[in-house]
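Student: Here is what each chain is made of, one letter per residue.
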Amino acid sequence: MTKRRLAVRGFALLGALLACTTWIACRGGWKGTVEERNGIQYVTNEGEGLDEGRVREELRTVWKVGGHPGQPPFSVVMWADFDAEGNVYVLDYRQQTITKVGPDGRVAGQFGKRGQEPGELSKSRRFALVDSKLFFANEGNGRIEVLGTSGEVFPPVQLPEVRDPGEIYFAHQKFQVARRFVPNGSYVYTYDPSWKLDRALRPAEPQKDRMDVIRSHNTVCPGPDGLWIVHMLLNRIQKIGWDGRVLLETSRDLDWAFPKDEQGNVIPEILVHRACAVDPKGNLYVVYSNPEDWKRGNDVYKFGPDGRLLQKAFTLPVFNATMMRFDREGNLYVGDETSLTKAKIERTEER
Amino acid sequence: MATPEGRDYWKWLIAVFCVAVVASEIFVVRQNRVLRARVASADAAARQMSFLRTQGDRTVYESSMTGKCPPFNDARSGEPSAGPLQVSIYFSLKRDCMSCVEDVVGQWNTALRNPIAKSLNVRGFTEIDGTRAQTVLDRDLEPAFPITHVPDIEDKLAAAGVPTTPVVFVSHPTTGRILLTYAPRVGEKGDPSLIERLHNVLAPCT
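Residue numbers (our numbering), protein chains in the order written: chain B, 308 to 658; chain E, 12 to 217.
Calculated from the structure, these hints are not laboratory results. Please note that the accuracy of each hint is not assured.
As the list claims (entries may be wrong) - Sample of chain B residues lacking proximity to chain E, with all beta carbon distances greater than 10 Å (derived):
(1) ASN445
(2) GLU446
(3) GLY548
(4) ASP613
Said to hold, decoys possible - EDC-like, lysine to aspartate or glutamate: derived pairs with alpha carbons at most 16 Å apart:
(5) B/LYS420 with E/ASP163
(6) B/LYS430 with E/ASP163
(7) B/LYS651 with B/ASP471
(8) B/LYS430 with E/GLU138
(9) B/LYS407 with B/GLU459
(10) E/LYS105 with E/ASP151
(11) B/LYS619 with B/ASP532
(12) B/LYS649 with B/ASP586
(13) E/LYS200 with E/GLU113
(14) B/LYS407 with B/GLU424
(15) E/LYS105 with B/ASP471
(16) B/LYS651 with B/ASP411
It should be emphasised that the depicted structure is a prediction, and the values quoted were computed from it without experimental measurement. Note that CB positions come from ideal geometry on N, CA and C, so glycine has one too.
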């Protein structure tokens, strides 16, 4: 009788242990894989992320400019960069103007205008503030436009390699000029500060049909140890080293069915990613489309420098993010159509 | 049928039956009301459909008569006294498909090589945003008519009640009122209907 009881208790204990293990396994966490092929790390990110349930990130707004009466009437806040004094320069895509905002969020001036002449902008989406000069990827005029911090006009830079500069960054002591659509050539070209070509990074992939050009639609985010190329229409994120080598490729399991054509190609009509930003530690934050409303893009997911998904970080306090970037102190700037928000990320450890 | 306890179950049964009859009657009346409402709404939709069809037939007829000669009228000399017809072509290099713009510009380039050209004053309107857009216009489209740069043309056209481009309006030389409209949809490339209608309008009745 005692033996029987012992056996029953043992089975019960074993069952409880099994149930516990199953519960812990199903509870969340990162269940992805890392596989190396031809020197490239391919990361899959099944599960909810390494930090899910352990760390909580929340946004605390520091200030918001635009979107209210008496504030600058932004049309589409497309980019922002910072000077050493903490001023923020905000590019309005629609107006092609730059609004200077003080460290306290008050408007300190405005300059720039749309046009074709030297000093005038067209379809500019990015600029880089380097040594008190603003270098614009002046896509509509096919050149790099150079303005001073008060709007002074400097001679533009014509790049033989890039006729359609879509984005510009300054990192690793070099300019990175990126193209939004890449039918040929390379995704990114790097230049030294005197605009001498350094190298072409990440050559275009072979184009099978017209749609492949659309599928190459991308945005670039520079980090401390390389560039992230985020494909806007494909569930694909790549990290490129400063030497042009592809370091890793990552993605996350989307929570909606991704449409494909008869050949299995992804139908390039749905914007998966909207914007990206890399924090000072090298973590990549990516804004994903909201699966319930395609007009919205405000769910932010965080990847570690190794491409592994950390967690769904937060939902931005805007309807649709047009830009996102960190300053050197780790403050996050988020733009939507009418406003720019400066926020701090507050992290709390959860038990 | 009384039970040993003295209860009369027949009465209960009749009561239940009565309640069921009343409930079903209420249900039938309600269903009837819903059905009537549906029939009325279907009638209204049918009337609306009939009205729209009549309106559509009328528009098609009126459009089809443009450029034809009216019955019982004398023959005309063919010399327009009020000057050339105004042709205004609106397109967007930002929003319209490139082949759609190429198609419209190409059609009018061809038309301007025909004898009707002397009876037309063709002008194009678009936003030329940047030197690359200017290059596309000059090198790829090569319009044989002057183009006027209109900043934010999409917004301005929408405010004027013109939601889509490319669109062409042919207007009266003196009053400026629209006589003919051409607004092809994507996929209707190579549609020569407006040029044909213009040929008809400009050809004298005999």
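Student: With reference to the structure, classify each hint as holding or not holding.
Tutor: Hint check:
1. ASN445: B/ASN445 not clear of chain E: closest Cβ-Cβ about 8 Å, inside 10 Å.
2. GLU446: Check fails; 7 Å does not lie beyond 10 Å.
3. GLY548: The assertion about B/GLY548 holds, with a minimum of 32 Å to chain E.
4. ASP613: holds (39 Å)
5. B/LYS420 with E/ASP163: This hinted pair holds, its Cα atoms lying about 14 Å apart.
6. B/LYS430 with E/ASP163: holds (13 Å)
7. B/LYS651 with B/ASP471: Distance ~35 Å between B/LYS651 and B/ASP471 Cα, so the pair is violated.
8. B/LYS430 with E/GLU138: holds (12 Å)
9. B/LYS407 with B/GLU459: Measuring from Cα to Cα gives roughly 14 Å; hence the hint holds.
10. E/LYS105 with E/ASP151: Judged against 16 Å, a Cα distance of about 15 Å means the pair holds.
11. B/LYS619 with B/ASP532: violated (23 Å)
12. B/LYS649 with B/ASP586: Satisfied, since the Cα-Cα distance of roughly 14 Å is no more than 16 Å.
13. E/LYS200 with E/GLU113: Holds: E/LYS200 and E/GLU113 sit about 9 Å apart, inside 16 Å.
14. B/LYS407 with B/GLU424: violated (22 Å)
15. E/LYS105 with B/ASP471: holds (15 Å)
16. B/LYS651 with B/ASP411: holds (14 Å)
Comparing the model with each numbered hint stated earlier shows that hints 1, 2, 7, 11, 14 do not hold.
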